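S.K.: So you can see what is in the structure, the chains are spelled out below.
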Amino acid sequence: MSAFWAILAKDLRVELRTLQSLPAMVLFAVTTFVIFRFGLDRTTLEGSLAAGVLLVTVLFAALLAINRLFVPERDEGGFDAIRLAPVDASALFWAKVVALVVYLLALEAVALPVFAVFFLEEWSGLVPLAGVLLLADVGLGATGAVVSTIGANSRARDLLTPLVLLPLLVPLTIAAAGAAEPLLAAGGPQYGGVGKWAAALALYDLTFLLVGYAVYDFLVED
Amino acid sequence: MKLKMPSLPVMALATTVVLVAAFALVFFYAPNDADQGFIQKIFYLHVPIAICALIGFIAAAIHSIRHLRTGESIHDFRSYVSIHVAIIFGTGALITGAIWAKAAWGKWWVWEEPTLVSFLIVYLLYATYYPLRYSIEDRDRQARYASVFAITAGAFVPLNFMAVRLAESLVHPRVFATAEGGMPGEMMLTFLVALAGMALLFATLVRFEIAAKQTRGQVHRLRRALDEQAPVAPRSRIAPLPPAEGVS
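Quick mapping for you: the protein sequence lines, in order, are chains A and B.
Residue numbers are given in this note's numbering: position 82 of the first sequence equals residue 82, and the series is strictly consecutive.
Residue numbers are given in this note's numbering: position 24 of the second sequence equals residue 24, and the series is strictly consecutive.
Same shape as in the complex, but just chain A:
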């Protein structure tokens, strides 16, 4: 447990001091909104289109963080340190999942208000939408931590992670978009079907947290 806190604190401290990922993610997200405004030629969004724009943006911004998640471990010998230390490798997994969720929450704390200001006329669905995004973040964290470890230890590196991760995230996107769509509906949020999709998201999170926890030892051992 202390190993978990040590790694998590290390990651967050490094990010706070270097600011390598978060500003880039936020900038990327805001620019992507602008791109969507012209790509779709829409000044307001609602329903499935709004859900799609928001989720795709968050997903691709998350890829930036996921690609960089294990760079210090690979370049500065963090993996070797974990192997040498008398701690369970799963501490690394949980710490990385939580670190990734923290990054994504920080990203969404900026990107969601910006999205609302840019495109939404009806803001009352934003609070439940934040809950949906949190569930999506946990799933992104679980799959992201596993795939990023594989990517970091491969020759293809930055290429492999998005390649493997995107198909894995399709069910997450289906469920998150299904939950977000009624919340962003034109005449104010509707709640029919949100629970079903939130349950699907929770199932996705649970499955990949368990799978990640079960297999992570084999990714770190050498």
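It is worth saying that the hints were derived from the structure and are not from the lab.
Just so we're clear, the structure is a prediction, and the values are computed from it rather than from any experiment.
The beta-carbon is built from N, C-alpha and C at its ideal position, and this holds for glycine as well.
Each hint can be trusted.
Cβ pair distances, simulated, as ranges:
1) B:Ile99 <-> A:Ser48: 26 to 34 Å
2) A:Pro113 <-> B:Ala103: 48 to 56 Å
3) B:Tyr134 <-> A:Asp222: 14 to 22 Å
4) B:Gln36 <-> A:Gly39: 33 to 41 Å
5) B:Asp138 <-> A:Arg42: 43 to 51 Å
6) A:Leu84 <-> B:Pro6: 43 to 51 Å
7) A:Leu134 <-> B:Ala103: 42 to 50 Å
Based on the hints, put chain B in the right spot on chain A.
M.R.: Showing chain B alone in chain A's frame:
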């Protein structure tokens, strides 16, 4: 192992017999579909291929779990070959699915058919198995990471089918009253024989691929051993042996 599994020639023969029987049934025994007519018979090819591909993916996940538990590389080998053959079958399933969609609905691709869409997503995920595997140089690590991928993807398969089905079920009724529903006995029998034939083909191909790879590895080792014994170092590792020895 040897006691349980029949030899490769026996399996190949059985596959040929059952597949020929299946196609004979498809063309001469099974009735034409009332709505779709003759083209519906692609069902006997498409569905068994797809089922075998999915079972291959799941089997790969089980082999991978074994590999991680025991550390024996034969399980990784089996997992790799299962995914390899399942990818080939998956390509066939997608192509036959597109042909059937064109014939039945007039379009090559139909997003409303959840099974086909799920299959495409699963296929796209497993297609990343090769770049993943071959971008890791260290042999042990390559095997371990490939197993981790196969297990993760194995858990993904049912989850993905569930999510895609949920996304469609509210809007579209199932267009086909296929397989499990009200299928006449002749069709069911034909389908089962076709499924058995395709499963045999899958198993035979897996066996063949494993045997071929093992033989190739053995030849490689023998050649290397010969090279080491040779008084003069050969120009290349795959240099042919001197003709005087008459090695075939």
